[in-house]
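We have chain P already, so just place chain S on it with the hints.
What follows is each chain in one-letter form.
Number of protein chains: 2
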Amino acid sequence: MKIKIKQKVLLEHLNYAIKGISSKNLIPILNCIKFELTDEGLYLLSTDNEIAIKTFIDKDKIDSIDEVGELVISGKYIYEIIRKLSDEVINIEEVIDSQVLITTQSSSFKLNCIDPKEFPNLELEYVNEPLVLKQNVFKSAISQIIFATSTQESRPVLTGVNFKIVDNLLECTATDSYRLAKRKINLSNSLSNNVDIIVPAKNLNEVIRMLVDDSKDIELHIFVNKVVFKFGSLIIMSRLINGTYPDTNKSIPSSFTLKINTNLNKLYNAIDRASLLTNEEEKNIINLSTSGDIAYITSNIPEIGNVEEKISIKKNNDEEIKIAFSSKFMMEAIKNFDCDEIEISFNGEIKPIIITASNNDELIQLISPIRTF
Amino acid sequence: MKIKIKQKVLLEHLNYAIKGISSKNLIPILNCIKFELTDEGLYLLSTDNEIAIKTFIDKDKIDSIDEVGELVISGKYIYEIIRKLSDEVINIEEVIDSQVLITTQSSSFKLNCIDPKEFPNLELEYVNEPLVLKQNVFKSAISQIIFATSTQESRPVLTGVNFKIVDNLLECTATDSYRLAKRKINLSNSLSNNVDIIVPAKNLNEVIRMLVDDSKDIELHIFVNKVVFKFGSLIIMSRLINGTYPDTNKSIPSSFTLKINTNLNKLYNAIDRASLLTNEEEKNIINLSTSGDIAYITSNIPEIGNVEEKISIKKNNDEEIKIAFSSKFMMEAIKNFDCDEIEISFNGEIKPIIITASNNDELIQLISPIRTF
Chain P
1 MKIKIKQKVL
11 LEHLNYAIKG
21 ISSKNLIPIL
31 NCIKFELTDE
41 GLYLLSTDNE
51 IAIKTFIDKD
61 KIDSIDEVGE
71 LVISGKYIYE
81 IIRKLSDEVI
91 NIEEVIDSQV
101 LITTQSSSFK
111 LNCIDPKEFP
121 NLELEYVNEP
131 LVLKQNVFKS
141 AISQIIFATS
151 TQESRPVLTG
161 VNFKIVDNLL
171 ECTATDSYRL
181 AKRKINLSNS
191 LSNNVDIIVP
201 AKNLNEVIRM
211 LVDDSKDIEL
221 HIFVNKVVFK
231 FGSLIIMSRL
241 INGTYPDTNK
251 SIPSSFTLKI
261 NTNLNKLYNA
271 IDRASLLTNE
281 EEKNIINLST
291 SGDIAYITSN
301 IPEIGNVEEK
311 ISIKKNNDEE
321 IKIAFSSKFM
331 MEAIKNFDCD
341 EIEISFNGEI
351 KPIIITASNN
361 DELIQLISPI
371 RTF
Chain S
1 MKIKIKQKVL
11 LEHLNYAIKG
21 ISSKNLIPIL
31 NCIKFELTDE
41 GLYLLSTDNE
51 IAIKTFIDKD
61 KIDSIDEVGE
71 LVISGKYIYE
81 IIRKLSDEVI
91 NIEEVIDSQV
101 LITTQSSSFK
111 LNCIDPKEFP
121 NLELEYVNEP
131 LVLKQNVFKS
141 AISQIIFATS
151 TQESRPVLTG
161 VNFKIVDNLL
171 ECTATDSYRL
181 AKRKINLSNS
191 LSNNVDIIVP
201 AKNLNEVIRM
211 LVDDSKDIEL
221 HIFVNKVVFK
231 FGSLIIMSRL
241 INGTYPDTNK
251 SIPSSFTLKI
261 NTNLNKLYNA
271 IDRASLLTNE
281 EEKNIINLST
291 SGDIAYITSN
301 IPEIGNVEEK
311 ISIKKNNDEE
321 IKIAFSSKFM
331 MEAIKNFDCD
341 EIEISFNGEI
351 KPIIITASNN
361 DELIQLISPI
371 RTF
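As they're listed, the protein sequences go chains P and S. Under this note's numbering, the residue at position 106 of the first sequence is numbered 106, and the numbers go up by one with no gaps. Under this note's numbering, the residue at position 224 of the second sequence is numbered 224, and the numbers go up by one with no gaps.
It is worth saying that the hints were derived from the structure and are not from the lab. Some hints could be false.
Pairs involving identical chains hold if they fit within one copy or between any two copies, as the list cannot separate such chains.
BS3-like mimics (lysine-lysine), calculated; alpha carbons at most 30 Å apart, straight line [said to hold, decoys possible]:
#: 1; residue 1: Lys-322; residue 2: Lys-24
#: 2; residue 1: Lys-8; residue 2: Lys-310
#: 3; residue 1: Lys-226; residue 2: Lys-164
#: 4; residue 1: Lys-76; residue 2: Lys-134
#: 5; residue 1: Lys-59; residue 2: Lys-230
#: 6; residue 1: Lys-266; residue 2: Lys-6
#: 7; residue 1: Lys-322; residue 2: Lys-216
#: 8; residue 1: Lys-184; residue 2: Lys-164
#: 9; residue 1: Lys-184; residue 2: Lys-2
#: 10; residue 1: Lys-283; residue 2: Lys-230
Next comes chain P alone, as it looks inside the complex (with noise of 0.2 Å):
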């Protein structure tokens, strides 16, 4: 392999290769990526079993492609390497004993690569009938909800985003059974097949943080055991976690005994305020009580103080509410709302508590309250 590329297209696709790689990967070759070099253009690869990255760079794009071939290089090195040289026309080529030599004008690099062989086969396949979103669309939707998912390993199930697709209607859904998240989004034409899978969170945070150009489509490719992004210059295949995952809308009731409209903004910063006199330890108890046209918002640590925050609320009736319930959990649930005025919908004291933008119900956060004696 033999290559002159500029040092600043390099390390664009360098940037997403690295993404593929865990820094705490024990096995050498998940720690590499692969060059491809073919007469279209330059393929990067990387893999950590868990995520799998491909990129492309064309060869417009490359200043000339004198040999094709394959190498496989550390990932963190190259990527290193590539970031510090200056932005001027790197030349790397193979040379003997499975080495590669990386220059500039004033820089050599010489470094120890692995067998091409060794390295895993993706199978980045493709089905014939993708699920497409546009990006921004699809980046929305999953950042509004995959905060609620789970970090605990014990319910593998529930580390993961839940895509459910019936019909003409896409169901996202992250819980951690604490608290639930669930992002609907009508789709212009149905898929011939049903779809309910789960997507570790970790890696559908790599694949919006990799989104840059919102107006275009991102392609999901839906397999048993796995999934494949395509977008752009990227291709991106996750693992999906095995299991059932439970049925979560029986959760969400229809009917409610109290709603109560109010501004996001002003909820959220007093709420953030109140929090301040709460305690980690005790899952940041806050309490919220309306009396006519006002809820109160307190908190308190006997040792050091207590607060009462007031807003204007509007309900739909004269009963009134008395509640507890995590600020933490509220203010994850409330700030991912593009919306002035939120909803929330309540059943008495003990029964989980839904929020939703005054106007719309695509997006549903739940918080389970808790109780207080």
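Okay, now just chain S, sitting in the frame of chain P:
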């Protein structure tokens, strides 16, 4: 005590006062900020026994002083509360049973206070003849050398910066015994007594972070066991480190077998890249060797690979040098020069390397070479 004050004004000064509090302090009173409200304005005081900070808000910036008095409040809580309140007028009022009420239109915090008598007397005195420097001169001098102080408590004097004044010359020195950084400042007038003190690096870092008004003066009031810094609305007291600072001037040779001059940025970037193939456990050793008007910088990690960087140099004679040193130490030393060209002086491969700007020696950096076999 009773005051009305804008959130922005109070927060600006709490930002200073909070720096006097160590989060690790187990003595409750040392986690507190003292509010002293007089007819002239509001003083905020904090100390962790290593550093003490006093800041002043003039009455002109206060909305109303309703009742003078003193209050001692948990620093962490009052800081976070004021930070999270919106930019409006805040009422702060002492109420019965050592409690303070902090209120705005929608928020009401009640915090427990500590008896002001328990707060240490800070003794922020002045001398008649302080050392006076421009803030930008002081800040750049300290920034250029402070990284060379030791973090090891085994030799306490090396954890501070030595300020030495003889006649009209101030020398600020830092060393961890492997490297040394010295900055000379010519004073416009001499003090009547010579000065030789050691100021803890940690406290100096806090002081230079609070300097914002480069063109104004900073006063150093030097006592036997403390130094009081005075600038803007701030007074900061630091304890001094007891002990005798080593006589560092005899470590700095005045004649050299070889001097080379080179471009600072090119040298820095070459060492930065070469350092990629060094090990921290092995002190990040890199090699520098000259051959005519070229210097080669090389390093290697046998299992990964090797690197050779070339840079142009100008020499003062026909001698050549081959020497090894820590890339980390060299990068930290040279990045603090504010010039394009630097001069590196040698006395063979086992004697200290001296670095200065090419055109003046107000800043001297010394690095011990590392013997390799």
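A quick look at each hint next to the structure:
| no. | hint | result |
| --- | --- | --- |
| 1 | Lys-322 with Lys-24 | neither (47 Å within a copy, 38 Å between copies) |
| 2 | Lys-8 with Lys-310 | between (53 Å within a copy, 22 Å between copies) |
| 3 | Lys-226 with Lys-164 | within (15 Å within a copy, 68 Å between copies) |
| 4 | Lys-76 with Lys-134 | neither (32 Å within a copy, 45 Å between copies) |
| 5 | Lys-59 with Lys-230 | within (20 Å within a copy, 63 Å between copies) |
| 6 | Lys-266 with Lys-6 | between (50 Å within a copy, 19 Å between copies) |
| 7 | Lys-322 with Lys-216 | neither (46 Å within a copy, 56 Å between copies) |
| 8 | Lys-184 with Lys-164 | within (10 Å within a copy, 70 Å between copies) |
| 9 | Lys-184 with Lys-2 | neither (49 Å within a copy, 53 Å between copies) |
| 10 | Lys-283 with Lys-230 | neither (40 Å within a copy, 44 Å between copies) |
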